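Given chain A, work out where chain B should sit, using these hints.
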Amino acid sequence: MKLPLASTVPVSYAQLRWICACLALALAAHVAALPIWLLVTVCAIAAIRLGLAARGHSAPARAIRLCVAAVSIVLLFAQYRTFNGLAAGTALLSLMAGLKLLETQTRRDVYAVALIIYFLSLAALLRSESFWLLCYLIGVLWLTTAASLRLANSTPLPGWQRSMRYAGRILAQALPLAAIFWLFFPRFDAPLWHMPDDSRSAESGLSDSMSPGDITQLALSDEVAFRVHFVAATPPPQERYWRGPVLHDFDGHTWRRTDSRTPHAAALLPVGGEYQYKLSLEPHQHHWIFALDWPARWNLPGGILTSDYMLVQAAPVSQPLDIVATSYSHVQAVEPLSAAMRRRDTLLPPDRNPRTLQLSQQLRSAHPDDMDYVRAVLDLFRQQPFFYTLTPPALAEDSVDEFLFETRRGFCGHYASAFAMLMRAAGIPTRVVTGYQGGTFNRFANYWILQQSDAHAWDEIWIEGRGWLRIDPTSAVAPERVEHGLNDAIAVDEPLGSRWHHRTPWLADTRLRLDALRQLWRERILLFDQDSQNKLLGLLDIPEPDGQKLVIVLAIGLTLALTWLTWQVRRELRPPTKDPLIRAYDRLCRKLAAAGVPRNAYEGAEAYGARVAQLRPDLAAAVTALCRRYTRLRYGAGRQSVNPQRFIAAVRAFISGVRAFRPRRAPLQRRGEPY
Amino acid sequence: MSTVRQAAITRLRAWAARRHGADTLPMTIDRRRIYILPTRFGVMLASLLVAMLIAGLNYNSNLGLAFGFLMVSLALVSMHHCHRNLLGLGVDVNVEVDAFAGGDAAFDFMLRNESSVDRCDIEIRCTPEAEAIKSVCANSYEQVTVNVPVARRGVTRWSQFELRTRYPFGWYRAWTYVQGSLTAFVAPQPLGDRPLPSADAAAGSATRSEARGDEEFAGLRSYAPGVPLKHMAWKVLARGGDAAVRSYTGLAAQPEWLEWAALESLPPEARLSQLCRWVLDSEAGYWRPYGLRIPGVDILPGRGAVHRARCLRALAAYSAEPPR
Numbered sequence: 160m161k162l163p164l165a166s167t168v169p170v171s172y173a174q175l176r177w178i179c180a181c182l183a184l185a186l187a188a189h190v191a192a193l194p195i196w197l198l199v200t201v202c203a204i205a206a207i208r209l210g211l212a213a214r215g216h217s218a219p220a221r222a223i224r225l226c227v228a229a230v231s232i233v234l235l236f237a238q239y240r241t242f243n244g245l246a247a248g249t250a251l252l253s254l255m256a257g258l259k260l261l262e263t264q265t266r267r268d269v270y271a272v273a274l275i276i277y278f279l280s281l282a283a284l285l286r287s288e289s290f291w292l293l294c295y296l297i298g299v300l301w302l303t304t305a306a307s308l309r310l311a312n313s314t315p316l317p318g319w320q321r322s323m324r325y326a327g328r329i330l331a332q333a334l335p336l337a338a339i340f341w342l343f344f345p346r347f348d349a350p351l352w353h354m355p356d357d358s359r360s361a362e363s364g365l366s367d368s369m370s371p372g373d374i375t376q377l378a379l380s381d382e383v384a385f386r387v388h389f390v391a392a393t394p395p396p397q398e399r400y401w402r403g404p405v406l407h408d409f410d411g412h413t414w415r416r417t418d419s420r421t422p423h424a425a426a427l428l429p430v431g432g433e434y435q436y437k438l439s440l441e442p443h444q445h446h447w448i449f450a451l452d453w454p455a456r457w458n459l460p461g462g463i464l465t466s467d468y469m470l471v472q473a474a475p476v477s478q479p480l481d482i483v484a485t486s487y488s489h490v491q492a493v494e495p496l497s498a499a500m501r502r503r504d505t506l507l508p509p510d511r512n513p514r515t516l517q518l519s520q521q522l523r524s525a526h527p528d529d530m531d532y533v534r535a536v537l538d539l540f541r542q543q544p545f546f547y548t549l550t551p552p553a554l555a556e557d558s559v560d561e562f563l564f565e566t567r568r569g570f571c572g573h574y575a576s577a578f579a580m581l582m583r584a585a586g587i588p589t590r591v592v593t594g595y596q597g598g599t600f601n602r603f604a605n606y607w608i609l610q611q612s613d614a615h616a617w618d619e620i621w622i623e624g625r626g627w628l629r630i631d632p633t634s635a636v637a638p639e640r641v642e643h644g645l646n647d648a649i650a651v652d653e654p655l656g657s658r659w660h661h662r663t664p665w666l667a668d669t670r671l672r673l674d675a676l677r678q679l680w681r682e683r684i685l686l687f688d689q690d691s692q693n694k695l696l697g698l699l700d701i702p703e704p705d706g707q708k709l710v711i712v713l714a715i716g717l718t719l720a721l722t723w724l725t726w727q728v729r730r731e732l733r734p735p736t737k738d739p740l741i742r743a744y745d746r747l748c749r750k751l752a753a754a755g756v757p758r759n760a761y762e763g764a765e766a767y768g769a770r771v772a773q774l775r776p777d778l779a780a781a782v783t784a785l786c787r788r789y790t791r792l793r794y795g796a797g798r799q800s801v802n803p804q805r806f807i808a809a810v811r812a813f814i815s816g817v818r819a820f821r822p823r824r825a826p827l828q829r830r831g832e833p834y
Numbered sequence: 297m298s299t300v301r302q303a304a305i306t307r308l309r310a311w312a313a314r315r316h317g318a319d320t321l322p323m324t325i326d327r328r329r330i331y332i333l334p335t336r337f338g339v340m341l342a343s344l345l346v347a348m349l350i351a352g353l354n355y356n357s358n359l360g361l362a363f364g365f366l367m368v369s370l371a372l373v374s375m376h377h378c379h380r381n382l383l384g385l386g387v388d389v390n391v392e393v394d395a396f397a398g399g400d401a402a403f404d405f406m407l408r409n410e411s412s413v414d415r416c417d418i419e420i421r422c423t424p425e426a427e428a429i430k431s432v433c434a435n436s437y438e439q440v441t442v443n444v445p446v447a448r449r450g451v452t453r454w455s456q457f458e459l460r461t462r463y464p465f466g467w468y469r470a471w472t473y474v475q476g477s478l479t480a481f482v483a484p485q486p487l488g489d490r491p492l493p494s495a496d497a498a499a500g501s502a503t504r505s506e507a508r509g510d511e512e513f514a515g516l517r518s519y520a521p522g523v524p525l526k527h528m529a530w531k532v533l534a535r536g537g538d539a540a541v542r543s544y545t546g547l548a549a550q551p552e553w554l555e556w557a558a559l560e561s562l563p564p565e566a567r568l569s570q571l572c573r574w575v576l577d578s579e580a581g582y583w584r585p586y587g588l589r590i591p592g593v594d595i596l597p598g599r600g601a602v603h604r605a606r607c608l609r610a611l612a613a614y615s616a617e618p619p620r
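Residue numbers (the numbering used here), protein chains in the order written: chain A, 160 to 834; chain B, 297 to 620.
One chain only, chain A, in its complex shape:
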């Protein structure tokens, strides 16, 4: 009889059900990224196919399958306009898995679905940083592997638990190998080729415009923007301003940044403290990097400083990024302000916010000196009933007028915007800087966490002879915001949203500890690269580590691991006996075999001992004694004896006797020669 091929063996309902479950679990990792209609389609297809199989029907007719395939692929193309790239590729793959399921009839089709599940799992990880997602997908891999075990012919199939256990054992044996691959497989600095960056997650954090009048409730997110570890000294809170997008263009309501990436940044003379720090930036899909005011040096290839001292790179930050940078807390301009920049930073829409313009004229006539004028404006904020709040009223088109003269309630953006307008109205070049300020210190791992809720806005004014000067008008109203952070700045009756946990110390501690673990995961795993590999080789005492040596280490490691694997897999055929007595006797037999007298399979201990004694008179005494002792211990009444201690001691004595027994090989006897 000829055995059926995998392409002809029909798949059973149970097998189909399990592969559907695996596919569903793999798709679950993509739920957020896939279009709803696609998920619904794939689920519906799986349900229909399972329903058919449960009633004993085979797959639907070819015409129906082709129709479904054609329609959904056209829809998919209409949505993505391409099949290239991660998002479209994942969607296509998911769809293919569904369509394959629809036509699944034989075991080979199920194998194909399993392959798609494997690739879908990988695709979910390509843009992920999550430890839990990795664990989850390894779980899916386990389940899929167990499911493919159950495609075997064995009748009857073993229970599910046994398949899971066997798949689990194979997976566990794969783990050390995978670790060696992962550690020593050479990494590239640059991608092999650039894929269309279509799958970028939503931009997060700051944007390149600011219109505080539109926001009536500031959403306070605990999402981490970046983490900072100061190498030596930590700057005081009033100097921890992390520079983001600098905004120049004001239309009376909204501040914007017209993207003129002039690379030339005027030279600065450092006058304040120097701080070195490591910035661990989370991906935010923008070009800028939040450096501490004022960035001086950084180890970012392709990172440049714009004319308004923003640190930017060519590509958006779409993956976790670590930078070591140095900043100076205070600087002095060397060159005068260019005419173009002066014009840009004093420009105001002439017909907007008339009351503010009027106020500015009044104040300016009283304070002709720039610094006096600044002080007067800040005093205005301080003395008039201005309030810091996260739930300000909405503002109309002339937002500054309305804020300064009517509502007088707002957060950093309102104050920065109003202050900048007042400065520009007086002819002082001013720009709004957005970024982060403050942060939470993680005392468990010595770094600062900057969350989205630490986002801040402040101003920079140009003072002749001094250069750009940072003024934070919010600190005039709510100095706690700058000194201690947001939680102390907001009044107790403010809606706290998700921030209640900041007031529960043990919970806050737990969060910090978790965050420290996350940071460790990021540092050790997510950002593992060539440098880390070279460091690893250094730990192994390999001089001048490079890619070639890495490959050699990889080869050695794999050889060792595969040897171990071979031994481990074969050992399972005959697991070593647990009885120390039998183990010791086996050892004795091995030693004698090495000495040239192997035990025959039919020989008991006594007979073997006698034969050895006959063949090797030099060993006779020792071997006979050992064999006799073994027989007595193994078959005598010792095990059931009333004194187990004595029995154990006797076994120990036998074991050490075997250990001490060192037979020499029989001397070669040359035949035909006289002695």
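Treat the hints as calculated values from the structure; they're not laboratory data. Bear in mind the structure is a predicted one, so any value in this text is a computation, not a measurement. The beta carbon of each residue, even a glycine, is placed where N, CA and C say it ideally should be. A portion of the hints provided could be inaccurate.
[As the list claims (entries may be wrong)] Covered by chain A, per the in silico footprint, the following chain B stretches (three or more residues, Cβ under 8 Å): (1) 300-308; (2) 334-348.
[Stated by the list, open to error] In silico DSBU-like cross-links for lysine-lysine, where the CA-CA straight-line distance does not exceed 35 Å: (3) B:K531 / A:K161; (4) A:K737 / B:K430; (5) A:K259 / A:K437; (6) A:K437 / A:K694.
For chain B alone, kept in the frame of chain A given last:
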């Protein structure tokens, strides 16, 4: 493609035969004779793995790479498990079987698993058309019958058979060639409608008065194995005597000679078929010894399964050319 593959397999089999020499059954499969290659599905998986690694490297995703490497390692580990599925398996088979042309030669294999892991889906393959599959639990054994179809009369030999497995995931196929020569004695298909020679003789001597066939009782003989039950002298046995058999005179006692020479009008294969028919009929009929005379072979009259097999093997082994 397929011819290239076929040629490669033929060469590999010949090489394996030279390398290992003849095997004595029962045998245990050692690691030096197990070969392993990825299946077509395994090659698909390999290209998928390469794609996975390229994707992981290209997106510079350490988690993606970790998953990809885990899959690669899984493939490597499953290779070891596939290999192990055959390693140390004991095989035995009855190397000589009897069959009729157009039927099956049924080889009974014994798979002995003396290890503490289950061995699933062991395929035994005698010819591409004759395969069987079986799982053997830990510390256990299973008997598997492989029916090899045999179309033509003659003594058919297969110098090798193959054990293969694709367990656990179907990514690899491990196989081994066992150089155990399997022999099928394929007797001719029993055909022809000529009556037995004795029936002819009976018809010819119908006038003889004493020709009452086996009814003519001639006394008791001592028992010998192979005697039909109805000829046993039960009464003698019941009286406490030794087992005895009633013997008869006449045609029943005369041996039946099934002779090649009696079928001169037929072509050789038809003759053999008729002789085979006669052997079967004689064995099934009344107690009467039969002998076989074909060129080169002379089997003295007898009865019983062993005698029948001897006759059938003689018919299977007949060849027109005189033995050299």
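Inset, instruction - For the pair we were handed, K531 of chain B and K161 of chain A, check the Cα-Cα distance against 35 Å. - result: Status violated; Cα separation ~55 Å.
Legend entry - Agreement of K259 of chain A and K437 of chain A with the hint, judged by alpha carbon distance not exceeding 35 Å: The given pair, whose Cα atoms are some 49 Å apart, is violated under the 35 Å limit.
Inset, instruction - Decide if the proposed pair is consistent with the structure: K437 of chain A and K694 of chain A, CA atoms, cutoff 35 Å inclusive. - result: Given pair K437 of chain A, K694 of chain A holds - Cα atoms ~18 Å apart, limit 35 Å.
Legend entry - Proposed proximity, K430 of chain B with K737 of chain A (alpha carbon, max 35 Å): holds, 31 Å
Legend entry - Stated coverage of the region 300-308 of chain B by chain A [criterion: 3+ residues, CB within 8 Å]: With 0 residues close enough to chain A, the hint is violated.
Legend entry - Stated coverage of the region 334-348 of chain B by chain A [criterion: 3+ residues, CB within 8 Å]: holds (count 6)
Consistency note: the structure conflicts with the earlier hints numbered 1, 3, 5.
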